[in-house]
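**Student:** Just so we're aligned: the sequence shown equals residues 1 to 487 in UniProt numbering.
Simulated from the structure, these hints should not be mistaken for laboratory data.
Watch out, some of these pointers could steer you wrong.
Said to hold, decoys possible - Straight-line C-alpha distance at most 30 Å; calculated DSS-like pairs for lysine-lysine: (1) Lys414 <-> Lys430; (2) Lys414 <-> Lys372; (3) Lys472 <-> Lys414; (4) Lys444 <-> Lys414; (5) Lys444 <-> Lys372; (6) Lys52 <-> Lys11.
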Amino acid sequence: MRELSYGALRKQVGLGLAVTADSRTVQTGCVFVAVQGASEDGTRYVSQAVEKGAGFVLLAETLRDSELARSAEDQGACCVFHENPRYALSELASDHYHTLTTPLTILAVTGTNGKTTCAYLLEQLFSAMGKKVGVLGTVSYRWPGHCEPAPLTTPGPLEVHASLAAMASAGAEVCIMEVSSHALAQDRVRHVPFAGACFTNLTQDHLDFHGNMEDYFAAKALLFTQTPKLTKAVATNAEDAYGLRLQKLCPQAWTYGFCPAPAGCDPARHLQAELLEHGTSGVGIRMHAGDRTWELHSPLIGRFNADNLLTVQALGLALGITDFQALEGFAGVPGRLERVDNARNLHVFVDYAHTPDALVNVLQALRGAGFKRIVTVFGCGGNRDRAKRPLMGEAVARYSDVAVLTSDNPRFEKPADILADVMPGLATAKEVLVDEDRASATAKALELLGPDDCLLIAGKGHEDYQIVNGVKRHYSDQETVRTLLGA
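With these hints in hand, go ahead and build the complete structure from the sequences.
**Tutor:** Here is the structure:
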């Protein structure tokens, strides 16, 4: 059989040989990596890739003597074998784009909630320092001269490394990357040379993918255990049990919290804060680190945003930054407790909260802001973790005066089945309305609002689409509110 060693292939890729894992993007002579995933099996497309001109096919070692390998060779391709094609794809992407020698300072933000806000805050901080910044995250992939909507929080390995190369070419000096647990488990960022990272928190989400919280944590921990450069430039949440476990994996990490340094953590590398104020005008925080004390006053609403501000400052301290006043000028993230201005001056907020913990945080923030009543429109995504559905109902029932249950992104599930999964959690709710149609549900919720009440529309945030029966159609919570109330 006509074979090439993996090491020899890496050298050719480093010299410019193209790589792909998508048969639709095959170029003449390129490497096609057959990744076997949960929903797609790349081995099914080997013949198509070779027919389109792939010169090399990378297969799992277990397929060395297979009919598939022999067929690819008969079609004229050279076979290369690796124990883990997914890992190989990441490594080859890094080789092709020379990521290990990038001039970028690449920083990671991970955790269940708060990633996007922290990424925006870091962007604000470094921009104020005169740095050109690129961001890969939930809302968009952006860098100087470029911005595109993000289909995934963390893109695939080829897209990650191509984006990093494009950022560097555009003059970016710092990259902020939101890193999801899926990306870590699937080796999408395995060969990214992160210079720093922060961990926000870990609460129930994505258990349809990970199975249980321990495996979910193990995926997050990969960021900190597989990146050699991550020694001191790490910040982890001392008020989160999983954050403390990460600190033990990274003893030089900075910890942070509205608490003293926990046992086992170095007080000299702990950022302690106290909440001075929080309400409709924002939050005020006093920080203590070593012999320094300073304050920040931010227009961001809620204790959870105080946590986000603390996360970013702790990572900043780990990186040697000492001035954080630029964070005071940050007004907010699209779809993150975003106030929707309207002709009737009603208090309407849109938020991306789609986990039980995120809903609790947002609703507590609104409750603490002093509104008379809180009406919440929410739903749960289809074909995702079913176990969290009643928990989300419980969160809304506990902190809302009226719960309006509707569709989020049903995807391929029947909306009625999703709503039925949520209903047990709403057993203690004061008042419940159910309407599968999200726009109709929003209209009913708005009719209930008085001048001192507020409406939270949760789950979609910045998204401008809804997926129903597998079809993606345009839909925006913000646009719906403005249409119903007038801009």
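**Student:** Within a Cα-Cα threshold of 30 Å, do Lys414 and Lys372 meet the stated pairing?
**Tutor:** The hint is violated at about 35 Å.
**Student:** Is it true that the CA of Lys444 sits at most 30 Å from the CA of Lys414?
**Tutor:** It holds: about 22 Å lies between the C-alpha atoms, which stays within 30 Å.
**Student:** Does Lys11 lie within 30 Å of Lys52 when you go C-alpha to C-alpha?
**Tutor:** 23 Å, holds
**Student:** Starting from Lys472, check that the Cα of Lys414 is at most 30 Å away, please.
**Tutor:** Holds - the C-alpha atoms of Lys414 and Lys472 are around 15 Å apart, at most 30 Å.
**Student:** Just to be careful, I want the Cα atoms of Lys444 and Lys372 compared with a cutoff of 30 Å; is the pair within it?
**Tutor:** Since the Cα atoms of Lys444 and Lys372 sit roughly 18 Å apart, the hinted pair holds (cutoff 30 Å).
**Student:** Are the Cα positions of Lys414 and Lys430 separated by 30 Å at most?
**Tutor:** 26 Å, holds
When held up to the earlier numbered hints, the structure conflicts with hint 2 and nothing else.
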